[in-house]
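S.K.: Chain by chain, the residues run as shown.
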Amino acid sequence: MIDKIFTPEIKAKADALVARYETKRASILMILRLVQDYHGYVSPEAEAAVAEYLELPQIDVHEVVTFYTLFHTKPRAKTEFHVCRTLACSLLGAGKIVKHLEKKLGVKEGEVTADGEFCFDQVECLGACEIAPMLQITEGEYVGDLTPAKIDSLMEDIKSGKMDPYKKKQKVSV
Amino acid sequence: MKKLISRYFVPGKTFWVEEYQKDGGYEAARKVFETMTREAVIDEVKKSNLRGLGGAGFPCGMKWSFVPQTTGKPVYLAVNADEGEPGTFKDKYILHHAPHLLLEGILIAAFANNVHKAYVYIRGEYSAAAEILEKAVEEAREKGFLGKKVFGKDFDLEVVVHRGAGAYICGEETGLLESLEGKRAYPRLKPPFPAVVGLFGCPTVINNVETLSYLSFIINRGAEWYAGLGSPKNGGMRLLCVSGHVKNPGVYELPLGIPLRKVIYEHAGGMRGEYPLKAVVPGGLSASVLKADEIDVGMDFDQLRAIGSMAGSGGVMVLDESTCMVEALMVTMRFYAHESCGQCSPCREGTGWVDRILTRVVSGRGKQGDVDNLLDICSFMGGTTICALADGAAMPLRSYPTKFRQEFEDYIAKKRSNPELLSELFHGAETKRGGQKELTV
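Going down the list, the protein sequences come from chains B and D.
Sequential numbering of the first sequence, starting at 70, is according to the numbering used here.
Sequential numbering of the second sequence, starting at 3, is according to the numbering used here.
Derived from the structure by calculation, the hints contain no laboratory data.
Hints are not guaranteed to be accurate.
Unchecked claim - Within a straight-line C-alpha distance of at most 25 Å, the following computed DSS-like cross-link-like pairs (lysine-lysine) qualify:
(1) B:168 x D:15
(2) D:119 x B:93
(3) D:119 x B:82
(4) D:75 x B:93
(5) B:165 x D:5
(6) D:15 x B:231
(7) D:249 x D:235
(8) B:93 x D:185
(9) B:82 x D:185
(10) D:150 x D:137
(11) B:82 x B:168
(12) D:150 x B:165
In this text, all values refer to a predicted model and were calculated from it rather than measured experimentally.
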């Protein structure tokens, strides 16, 4: 079971991460992120494998997975739009952006489009109030100064391959 | 206007080690390692009046002097780069543009506190910042500024770049430590303070990115010079993050004590639309809101506290007359309800109930007495919990309805609503209940 989650490549990276910390457990956020980056989400099997790898009871891993919003326990859309809804973004029209995405994608918040490509949700402050209203694409790029038209062209760019939403890299955005 | 940290904020550019050194980089750390004693560094930082710029404003040098050096245990440095306080985005600029400025600050703090291992806790969403810092750590190691025998001295220092995973509470210093130990970020009871019992049970210094980034300037140009830039007991400059209804939102590096009016009208270009100023949240979401006639206050820790607000993390959110304060408070309190870690009942239940009441109000189903009810709940949230999240939530919760009471009463009486703000995913039943007459809260 553990080998299915911790392939040789992942295991090598995980070993290097664990070595940075005083205790095995301290590396858990980094290990979970690594596992999620490869497998897309943290399945119950992945949770068990991480527990075995870090020599922890599975409940300890489960506690961590369910506490932090960036860990996902279900498969996700290929491209996620995380729209910031906190004060600065809200003041400058985050609500309108959310309504536009709802209409454009034809799904409600948290639902995945039928082709599995897109979903959106609202998140709390992402630390980019200077470009409000803004969103983060999956765990990468920050896109700011949003308007409904900008959302449309963003989706065009993603669909046409001009923008690669799957890259984990974020540009120096400021 | 003087620029210290912000002179590195060139759009799209990161100052890597060569360029940073060309600009005099790592000379302050070299000076510390080659010519100063630990005590002299701490003394210098004390004299500079450098305050903790993450939000608490605690004098940095004093914090360092609390760290016991005779326990036989290692001392750790935890760098707070969680930057979760809404309205704040300065640490992202430092990490993106000047990672070596932070690393040099870490070196100075490590020397002063006898630290040989530092953890930088970067919020999970800042993926570029984490990558940039990882690369900078590698560069510094190659140059002999990190790793074994720093500056050829008998002093080792490792820096570990650690990434969070999306939880506001990790910015609270003891929550950060719990998270760094691989657990849920439940804040710890104090005392013992982290300076004495911190990470892995060892003495731990916790400093914000910005605080550390000012250290090299203090060492290079002297404590008196730095202290003189700011206001009494509030040394130097800080990065104010201005957002909301201003013409030019962004990061402005300004002396502590600068009047808020100047920040808004001279630096951020004034209001962006035709509406005049209505209110300002001066120090991150958790600061009490100020009315338009309160903006002659000096932006430092003591002056803002004196008028019942706080300087906090330096996040200045500007609200114009088009803003509905009821809806702004609803958005604000939803944040705390979402981010409360759930450990203490007054916070978990308090933020939850307040959020449900305000959601009901914004759904057009407010009731007479709601405002008093909110203030009543507020009165048991402050000072009753392990950490300051509930105190932070109580500040807007008390100040919005107190300073804009009539607006709240009118909103409720006229049954106004704004469905655009409601999130079905978050509030579920509350929003679906629609026009139903029976109300639970």
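S.K.: Next, verify each hint and record whether it holds.
M.R.: So, going through the hints one by one against the coordinates:
Our distance criterion of 25 Å between C-alpha atoms is broken by residue 168 of chain B and residue 15 of chain D, whose separation comes to about 35 Å. For the given pair, residue 119 of chain D sits about 16 Å from residue 93 of chain B by alpha-carbon distance, which is consistent with the 25 Å threshold. Restraint check for residue 119 of chain D and residue 82 of chain B: satisfied, since their Cα atoms lie roughly 21 Å apart, inside the 25 Å limit. With a C-alpha separation of about 19 Å, the suggested pair residue 75 of chain D and residue 93 of chain B falls inside the 25 Å cut-off, and the hint holds.
Restraint check: the Cα-Cα separation between residue 165 of chain B and residue 5 of chain D comes to about 37 Å, which exceeds 25 Å; the hinted pair is violated. Between the alpha carbons of residue 15 of chain D and residue 231 of chain B the distance comes to roughly 23 Å, so the proposed pair stays at or under 25 Å and holds. Using a Cα cut-off of 25 Å, the hinted pair residue 249 of chain D and residue 235 of chain D is violated, with the two alpha carbons roughly 32 Å apart. With a C-alpha separation of about 12 Å, the suggested pair residue 93 of chain B and residue 185 of chain D falls inside the 25 Å cut-off, and the hint holds.
Between residue 82 of chain B and residue 185 of chain D the alpha-carbon distance is near 21 Å, which keeps this suggested pair within the 25 Å criterion. At most 25 Å may separate the alpha-carbon atoms for a hinted pair to count; residue 150 of chain D and residue 137 of chain D meet this at roughly 18 Å. At most 25 Å may separate the alpha-carbon atoms for a hinted pair to count; residue 82 of chain B and residue 168 of chain B exceed this at roughly 41 Å. Note on residue 150 of chain D and residue 165 of chain B: the hinted pairing is violated, with a Cα-Cα distance of about 54 Å set against a maximum of 25 Å.
In this structure, the earlier hints numbered 1, 5, 7, 11 and 12 are contradicted, and the remaining ones agree with it.
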